[in-house]
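Chains A and B are the protein sequences, given in the same order. Count along the first sequence from 1, then add 78; that gives the number in this note's numbering. Count along the second sequence from 1, then add 1108; that gives the number in this note's numbering.
It cannot be assumed that every hint is accurate.
[Unchecked claim] Below, a list of computed lysine-lysine pairs in the DSSO-like style, where the Cα atoms sit at most 30 Å apart:
#1 A/Lys164 to A/Lys114
#2 A/Lys320 to A/Lys111
#3 B/Lys1403 to B/Lys1376
#4 A/Lys320 to A/Lys281
#5 A/Lys254 to A/Lys345
#6 A/Lys347 to A/Lys254
#7 B/Lys1191 to A/Lys345
#8 A/Lys347 to B/Lys1403
#9 B/Lys1191 to B/Lys1230
#10 A/Lys281 to B/Lys1230
#11 B/Lys1191 to A/Lys347
#12 A/Lys347 to B/Lys1230
#13 B/Lys1111 to A/Lys347
#14 A/Lys283 to B/Lys1371
#15 A/Lys345 to B/Lys1211
#16 B/Lys1301 to A/Lys283
#17 B/Lys1230 to B/Lys1117
#18 A/Lys345 to B/Lys1403
#19 B/Lys1117 to B/Lys1191
#20 A/Lys320 to B/Lys1371
#21 B/Lys1231 to A/Lys281
#22 B/Lys1231 to A/Lys347
#23 A/Lys345 to B/Lys1301
#24 B/Lys1277 to A/Lys254
#25 B/Lys1117 to A/Lys347
#26 A/Lys82 to A/Lys320
#27 A/Lys115 to B/Lys1371
#28 A/Lys114 to B/Lys1111
#29 A/Lys345 to A/Lys281
#30 A/Lys345 to B/Lys1230
#31 A/Lys168 to A/Lys254
#32 A/Lys115 to B/Lys1194
#33 A/Lys115 to A/Lys82
#34 B/Lys1376 to A/Lys345
#35 A/Lys281 to A/Lys111
#36 B/Lys1371 to B/Lys1117
[What the hints assert, rightly or not] Computed footprint of chain A on chain B, listed as stretches where at least three residues anywhere in the stretch have a Cβ under 8 Å from a Cβ of chain A:
#37 1188 to 1200
#38 1207 to 1220
#39 1280 to 1292
Don't read these hints as lab results, they were simulated from the structure. Positions of the beta carbon are idealized from the N, C-alpha and C atoms, including for glycine.
Now for the letters of each chain:
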Amino acid sequence: MKDKNLILNIENLVVHYETENGTVKAVNGIDLKLEKKRAIGLVGETGAGKTTSALAILRLVPDPPGVIKSGIIELDGENILEKNIKELEKIRGKDISMIFQDPMTALNPVFTVGEQIAESIILHENVSSSEANESAKEMLEMVGIPGHRANDYPHQFSGGMKQRVVIAIALACHTKLLIADEPTSALDVTIQAQVLELMNNLKEKYQTSLIMITHDLGIVAEVCDEVAVMYAGRIVEKGTLKDVFNMTKHPYTEGLFNSLPNVNDRKAKLLPIPGSMPDPTNLSIGCSFSPRCPYVTDKCHEQKPDPIWISDTHMVECSAYDDPAFHIVRRER
Amino acid sequence: MAKNLVEVKNLKKYFNTSRGMLHAVDGVSFAIEEGKTLGVVGESGCGKSTTGRTILRLIEPSSGEVYFNGRNVLKYNESELRKARKDMQIIFQDPFSSLDPRKTVNQIISEPIIIHNLIPNKKDRENRVLELMETVGLAERLINTYPHELDGGRRQRIGIARALAVNPKFIVCDEPVSALDVSIQAQILNLLKELQEKLSLTYMFITHDLSVVNHFSDHIAVMYLGKLVEKAPAEELFAHPLHPYTVALLSAIPVPDLSERKKRIILKGEVTSPINMPEECRFAKRCLYTCDACKDHTPELREVYPNHFVACEFPLGV
Chain A
79 MKDKNLILNI ENLVVHYETE NGTVKAVNGI DLKLEKKRAI GLVGETGAGK
129 TTSALAILRL VPDPPGVIKS GIIELDGENI LEKNIKELEK IRGKDISMIF
179 QDPMTALNPV FTVGEQIAES IILHENVSSS EANESAKEML EMVGIPGHRA
229 NDYPHQFSGG MKQRVVIAIA LACHTKLLIA DEPTSALDVT IQAQVLELMN
279 NLKEKYQTSL IMITHDLGIV AEVCDEVAVM YAGRIVEKGT LKDVFNMTKH
329 PYTEGLFNSL PNVNDRKAKL LPIPGSMPDP TNLSIGCSFS PRCPYVTDKC
379 HEQKPDPIWI SDTHMVECSA YDDPAFHIVR RER
Chain B
1109 MAKNLVEVKN LKKYFNTSRG MLHAVDGVSF AIEEGKTLGV VGESGCGKST
1159 TGRTILRLIE PSSGEVYFNG RNVLKYNESE LRKARKDMQI IFQDPFSSLD
1209 PRKTVNQIIS EPIIIHNLIP NKKDRENRVL ELMETVGLAE RLINTYPHEL
1259 DGGRRQRIGI ARALAVNPKF IVCDEPVSAL DVSIQAQILN LLKELQEKLS
1309 LTYMFITHDL SVVNHFSDHI AVMYLGKLVE KAPAEELFAH PLHPYTVALL
1359 SAIPVPDLSE RKKRIILKGE VTSPINMPEE CRFAKRCLYT CDACKDHTPE
1409 LREVYPNHFV ACEFPLGV
């Protein structure tokens, strides 16, 4: 079945890194649907598989050692996994763009920023180089940098401005789907606020769909419509912002919220999740979160939980909900 | 009132660069009461880490005074300084680069004990290391592992154990949790708090994360381009910020709560260069309320309300 309104449809995606020291099970069967013009936040800690999932969408998982074992990734109805290199080159930068975490290394130091923006335009649109340079200047203005600075090199810009340049490159071809991988975690708070505002505005303007990868639930609340929480290569909870923030279901999501200091109540004690992330080369047969979970039962150790749909939009993967009376009590913020 | 363990007066650190004099820390004064935490917040390049390091004389200051327990640390000669370091320790930001990769956990934690010759007997020393490991929540079996075998949270625990090894009174925590994941971050913050209560430690807590600093500190000092712009008890600072920079900084925190969508103040422009700064308010170029008086001179820190200091000619709401 094809849903015309879907920009992205991922089904049962499995990505492993096959190394000499064993198989790193980075992504273990995720399902994700994103409607056009919507923004989803992919949340989780280091090693949860967020970035690998994003790289799989662009088919940029380093191979070897990375292998996309199975799954479907449909962009606007077309399966990315069946494309050859030539077709992929047309899609990357045109239909899907990615903003990487570190703006200091994402730009090429020996080309001017103008050239780097124009490169993407020349590759994907049938325009002359002078037209492309003009568009590059317009894009710079769009992200709040004076057009005449197109002739400057990356080192002449500060961190926040470099990230704006990266955003300009990503949006230069009016991409349908933008993947932003921790776009502000290398930036200061006040600069982060500028960049997030810019992204929100441009998302509206170009009607781009957005996948925002972050570990910061605050950023998700600012930018996204939906959230998917990842743990050890699985999406353990997903739903609209309201679903996940106000009616938290998964014990891991609860743990994430309880780990955050509360700006309004400085006396509130932090309730961290005990232990640390499981080793992705050696995941347990049961629920991966079970060793850290406060509600764990014998069943959790033995059997992977099935997805449970609480409502049309809200999904949780947790066996505890087999008991209809089970609920978690998230601390009031 | 408790006595001040650390007192810093007009501390300055200038770096001579090829482009001119870089004012990293430019006349900073504050005091930290015994057993309390002073949080120092600011953006990259504001001089917060340099301040922490000059207090311990890991970097030699250009001028100023630093009193520890009433004695000026900057007047110490080398052997006095070494003794003083027993009382003043530091926990670094990056648990990956601050541990020697060729040393085991045991060697790393016992190094300061050996340097200060606290426990000459090897067996006793190892027992002390095990005791420290238990204090910071590291399993005994890890004693002979190397840092690369451990994750970030555990490594930061080693850094904390190493700092605690000499029974210090004062610890500079330089962004101790910013390299860690949220759930691990909360573990480490709780640990540092418990240790403070148990060992009556005094902390200088350097961070760029405002929600963390609010949770952790008794007093907060906000830095901007080498100067303190505001200083107040934590609750007071969050409830009534007076400096336009503090207000903008507070409004920029993304809050993970849907009922709290507030209007953000988006600052224009970026932090200006700390090299060859003009004699004007350092925040004037980005401030929403700049007027001619701000370009006239650099405002000094003054007490506007009891214990609430601000360096602004026109503090908000006064």
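Evaluation of the provided hints:
no.: 1; hint: A/Lys164 to A/Lys114; verdict: holds, 25 Å
no.: 2; hint: A/Lys320 to A/Lys111; verdict: holds, 17 Å
no.: 3; hint: B/Lys1403 to B/Lys1376; verdict: holds, 17 Å
no.: 4; hint: A/Lys320 to A/Lys281; verdict: holds, 21 Å
no.: 5; hint: A/Lys254 to A/Lys345; verdict: violated, 45 Å
no.: 6; hint: A/Lys347 to A/Lys254; verdict: violated, 43 Å
no.: 7; hint: B/Lys1191 to A/Lys345; verdict: violated, 36 Å
no.: 8; hint: A/Lys347 to B/Lys1403; verdict: violated, 44 Å
no.: 9; hint: B/Lys1191 to B/Lys1230; verdict: holds, 22 Å
no.: 10; hint: A/Lys281 to B/Lys1230; verdict: violated, 63 Å
no.: 11; hint: B/Lys1191 to A/Lys347; verdict: violated, 36 Å
no.: 12; hint: A/Lys347 to B/Lys1230; verdict: violated, 39 Å
no.: 13; hint: B/Lys1111 to A/Lys347; verdict: holds, 27 Å
no.: 14; hint: A/Lys283 to B/Lys1371; verdict: holds, 21 Å
no.: 15; hint: A/Lys345 to B/Lys1211; verdict: violated, 39 Å
no.: 16; hint: B/Lys1301 to A/Lys283; verdict: violated, 46 Å
no.: 17; hint: B/Lys1230 to B/Lys1117; verdict: violated, 42 Å
no.: 18; hint: A/Lys345 to B/Lys1403; verdict: violated, 40 Å
no.: 19; hint: B/Lys1117 to B/Lys1191; verdict: holds, 22 Å
no.: 20; hint: A/Lys320 to B/Lys1371; verdict: holds, 20 Å
no.: 21; hint: B/Lys1231 to A/Lys281; verdict: violated, 63 Å
no.: 22; hint: B/Lys1231 to A/Lys347; verdict: violated, 38 Å
no.: 23; hint: A/Lys345 to B/Lys1301; verdict: holds, 12 Å
no.: 24; hint: B/Lys1277 to A/Lys254; verdict: violated, 57 Å
no.: 25; hint: B/Lys1117 to A/Lys347; verdict: violated, 34 Å
no.: 26; hint: A/Lys82 to A/Lys320; verdict: holds, 25 Å
no.: 27; hint: A/Lys115 to B/Lys1371; verdict: holds, 23 Å
no.: 28; hint: A/Lys114 to B/Lys1111; verdict: violated, 61 Å
no.: 29; hint: A/Lys345 to A/Lys281; verdict: violated, 38 Å
no.: 30; hint: A/Lys345 to B/Lys1230; verdict: violated, 42 Å
no.: 31; hint: A/Lys168 to A/Lys254; verdict: holds, 13 Å
no.: 32; hint: A/Lys115 to B/Lys1194; verdict: violated, 58 Å
no.: 33; hint: A/Lys115 to A/Lys82; verdict: holds, 13 Å
no.: 34; hint: B/Lys1376 to A/Lys345; verdict: violated, 33 Å
no.: 35; hint: A/Lys281 to A/Lys111; verdict: holds, 18 Å
no.: 36; hint: B/Lys1371 to B/Lys1117; verdict: violated, 38 Å
no.: 37; hint: 1188 to 1200; verdict: violated (count 0)
no.: 38; hint: 1207 to 1220; verdict: violated (count 0)
no.: 39; hint: 1280 to 1292; verdict: holds (count 4)
In summary, the numbered hints that this structure violates are 5, 6, 7, 8, 10, 11, 12, 15, 16, 17, 18, 21, 22, 24, 25, 28, 29, 30, 32, 34, 36, 37, 38.
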